[in-house]
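Put chain C on the given structure of chain D with help from the hints.
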Amino acid sequence: MGDLIPGMSYLVRRLLENTANESFVAQGDLRGEALEAAIGDPATSPVLVARRETDALDHDSGQDPRTEEATMPSHDPTATFRNEPVAELRRAPVRARFASAVAAVESALGFDVPLLIAGRAVSTPETLPSVDPGRTSRTVAVQSLAGGEHVQEAMAAATGALDGWAGRTVHERAEVLRRGADLLRRRRGELAALIAIEAGKPIAEADADVCEAVDFWTYYAASAEALEHIQLAQVPGERNDLHHRARGVGVVIAPWNFPLAIPAGMVGGALVMGNPVVFKPAEQTPGVALRMVQVLHEAGVPPAALSLLTGIGEDVGPALVEHPDTSFVAFTGSRAVGLDIVRRAAVVQPGQRQVKYVSAEMGGKNPVVVDADADLDVAVPAIVKSAFGYAGQKCSAASRVLVPDRLADQLVTRLAGAVDMLTIDHPTDPGVDLGPVIDADALERVNRYRKLAAEEGEVVVRRDDVPEDGWYVGPLVALVPDHRAKVATEEIFGPILSVVPVTDFDAALAAANDSEYALTAGVFSRTPSHIAEAARRLDAGNVYVNRGTTGAMVARQPFGGHKLSGTGAKAGGPDYLLRFATPVVVTENTQRQGFAPDL
Amino acid sequence: MADVGALDEQAVQALAREIAAASTPTARERAQRALSPSTLAMGWATRRPAFKTNLFRFVDVVPACETPAETADHLAEYLDDPTSPTSVRLGLRAAARLPRGDAMAAGVARFGIEQMARQFIIGSDDDLDEVLARLGRRWEAGFASTLDLLGEKTFTAREADHYAARVSRTFLRLIDAASRWPSRPVLERDPWGPLGRVNVSVKPTALAPKMHVLTEAAGVAQAVERLGPILDVARQSGATVHIDAEHDETKDATHALLRAIGKQWPDGPALGCVVQAYRQDAADDLASLVRWSGEALDIPLQVRLVKGAYWDAETIAARANGWANPLFEQKSASDASFEACAQDLAAGAAAGAVRPAFASHNIRSLAAAITACRQLGLGDDAFETQVLHGMAEPLHHGLRIWASGCACTRPWVTSSPA
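Residue numbers (our numbering), protein chains in the order written: chain D, 1 to 599; chain C, 1001 to 1418.
Quick caveat, the hints were computed from the structure, so don't treat them as lab data.
Computed from a predicted structure; not experimentally measured.
Glycine residues also receive a C-beta, built at the ideal position from the N, C-alpha and C atoms.
One thing to keep in mind: the hints can contain errors.
Claimed, not checked - Computed beta-carbon distance windows for the label pairs: (1) ILE1316(C) x ALA99(D): 24 to 32 Å; (2) ARG1291(C) x ASP464(D): 40 to 48 Å; (3) ARG1033(C) x THR503(D): 44 to 52 Å.
Stated by the list, open to error - Per the computed footprint, the stretches of chain D lying under chain C, defined by three or more beta-carbons under 8 Å from a beta-carbon of chain C, are: (4) 79-88; (5) 423-437; (6) 577-588.
Unchecked claim - Residues from chain D shown here face chain C by an in silico Cβ test under 10 Å; the list is partial: (7) SER9; (8) THR19; (9) LEU30; (10) ALA92.
Chain C with its partners taken away, still in its complex shape:
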């Protein structure tokens, strides 16, 4: 890999300011945000750790409640607590005194959670038409999307089959819908060739319960079998299939899965993968993925660089077992790792081996990644920036306004299943 040299710190900060300026929310956005129940609840939670625990535990259990009475019981157990904000407690007490007040409180709570869920989850399998329409509107507004089907943990073959069927069904519908979207040249081509309008993200453990470092061969075989028809469709339609990253125990098996797919489908479809910068071995893994993509794939692998979403769970596992944490313990170290990996990824892209994508809500991190690409002479059409649906919304627009038609921005959108 080319020597990437040091990042131009002044350029990074100037770009960060530029993105920040473009991402300033409008007065209307600010007002909407301040009034939303989730902003209120999250504000309380940020300031009150004990309430945060209770609130999250309540959110976690609500879907298992079958009747309003059950929801009301859990509401009282978790949130009628001295650590809750006074207004929450008074509200619960007042509701308890009203006829059918319990059910009302439960209804309000469910509604609130549904609103929170709707903020981060674009829709469910039940209202797929609406999901597709929303994705179409995002596309028209200049945002490409990758669709991630959330699911329960998969322990059984039947659950894995069900997940694969859901992915297939959604994928076909999306391909069909996307064919009618208007042309958006900036989202449809990069220096390496055409870019599909459709991009789906799949979780390897949802495809294969055996997807684990200790049962890698069985896991990869199961996943390839279930993914095969999806890959064939993607290959014909020019869509991209993105293999997500999950916990430590699945990382090596996921890379083995990528290699197995590349071997069986060397000339397409376009594939994507994830490198988690919070891992201490992120740079090594990135180097080997870049090398492999350059050698084995006709269409360069899209590498999505993220910080990583499982910090708490991985850190708990390492500490409880007395193992060295495979992740950086400090946030700033993950941030620094993200920038170093971004430079390596840019170098890999400059060598033609991979397509870079930078996924973060941190303006500094994005600015550093983009600067790394620019320093190596890559144009602004050579990389994607990706943000999550519902997270840091003003940034979505900021990135697009800043990009002003020369880079493609891919909000990374999720859909909840039935």
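Okay, chain D solo, but in the shape it has when bound:
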């Protein structure tokens, strides 16, 4: 029977064809009227035209939800949300458009990124360049370095802008985000090219970064409007209303790995609920940050309601977090910084009048469980993409695989062969699988863990054929016997994957959960009861079944983790905006002299 494995996908295709109601073969031998109906001209035959109309109806009711919304009005504005389609790079004209965008961005590198405080551009004497990690001789942008006085100015401006911005209707603010989304769509190629060059992100994923930013703004715009419609219980003589007021001044501290999407989500979410924002981007990607802030200002965010403070995290972050007027902090980044923010925000400062709310989205050590009956044709490419896409620098990246002993050799052999096929080169080439890591520190860290992988396990594949002019490091897969080994428990944020053999599926789930983190997890299985068990037991914010662990889509896979991975916010989900709002309930006695309008 083993010899039939390779034929199985062919067999299923043939079975499908033989059991499809539309298929000629499924109709068996034809005679009389059935034959006459089947041999008519497909372009004009009344039978086929009728069938075509039935098809169209089938599509309307069953397959394409887009047409449903026209007939079924919904009270939930997010029901009409559609993800921005990623660029179809498989088409030559699309690739040509991106190539010319890359050329245009490359011809204008080295631009200045001043601080933007209440609309005023402030250039500081000291600056820090951002560098193309894939060609370190190139400076991408030159950022000004914010200090304590800039923090004070930006916070004062934001506090001053609070009443005006929060006083606008939610629809006005939602419109601003939608206009911003339109501007992003128009600058899509340019932004994707800049992300590819400044963050070292392969162009298809850089484009997905822009699309996700568009998605966040359109989704949060609709989501904020939806909060208006939450109903409380009512009795005669009483009216209860739930309002979501602005929380106050927000501080957003963002990472470099999704240099547009993640800050767009945090800044856009905070703004749409009426909160002014002071935004501190990662020092590696100030150029993308500047473009995002410019887009929001152009879309109609008042300059004082959104300031940009570029610079060194250690110089700016603590001052922003500890500022007495800071109401909340939205952070995505490393665990060390996230926990430091939680600690600092807990200390009440002189003049502070509210408890600071912190949302901290941090790292992961994301497991993939491969069951004994997994389809390796599906699992291998999905694991490779999840582990090595963007050189493993996504918080959702798969970094350890738990596999039953009997399948380990086969899996590792195929993984190793697939890793050998990866294309490692500059991220602006659409055929590239992975580019460089973000900076020299990251390179040093990954190299340290590469050594450790060799000590704690057996390296099964290690690519060293990488370009020289950049912070490139090839992918590595190690067979690691102990699931508690450092290489299999510590977040590396680079292209290293540990494969840990375990006795069975149950042991795999237990090992997967034996972690400080709980961000994403994957399972490959073709046993329905195992899939159900994994869905119940895998301790992660996002559990993926028979697919990779990266690429969460706004509204489809609200994203975020718990344990030491984060505070549990689900970005791109229905509850996300609540953290940026102060819920207030107003109850009015509507009775006057025994008369109430609603009785």
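Just chain C now, kept in the frame of chain D:
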């Protein structure tokens, strides 16, 4: 390309009736078919969508089960379900009560799947002698074949090497076996010259993991390197090498591969390729292949016109990404496209640029394609009709009886590997 004019609708329908009459199964064939387990299972599946999903998922996972107990577990998980036919459920329950009944049920299920597989897959690398003997018998009965080696998805260089080695090995054995087959003039010559007895189909992605629109240069280089020795043998022995069509992302790279081969081997071997009529750009691609074959190749390219086998996967990918579907959404539009492409292909053949082959199980589609050829003055020896092994079996005979020695019919046979 010549103006092809409109198809004579009456001629198409008359021919369709003629093929249908010749394809009526005999009473014995009908009885055999009704009794086969796959007919039973497929009948249930056609009528019960939920059971169909479970059945196909079970079929998909069975090869990964190492022991009868594992097969039995999967059998129970997928098919002891309210959506299954009562007889299937009762059978499973009854088996569960017998000593070693699980293993028995698993054995029956495996046997059933093996029977289904045997219907569509001519054999495996393990029993190559038997495969060659079967192909020989088909040849004697008046059917030429192209052999398609099925394989796992190829991600690694080693897997691609393994696939190329399998193709080579099978190819050499087939050439050797075919040299002893009796003469069948109708299968061995067409208006453009001699036709090889041996025809193999290769999957470009199995030869080259990088065979993808975004890594075309690397993919083509890998594929040419692995295909080189096979092409040399084909050139010496007069066999045909057919490059298959797969998913959207590989189509342009596959055409680039054809052009690269044509450049390096302009005077042979005979090459074949596929145009998928369900694609909206099928007519454009066909036109450019016809032009290229006429200009660059000494032996005209054989173009196999098909509807296309990846409709579901392509449509899912397009809808999930929010992209325009590159395929026609409606079956009738694919059917109409097939006929339009058939006319263009016939015109290309009339101009001497290509050899046409029409692969379909749809009698109307085949009749339209043949009529298109006839209207342009091509003889019935100028094209091939192709059908898949195990699909619409009576049609195989119908096409041959109808052809009555004036056209060559090529069942398109597949072999499963070890």
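- May I ask which of the numbered hints given earlier this structure violates, with the numbers listed in increasing order? Of the numbered hints given earlier, the structure breaks just one, which is hint 6.
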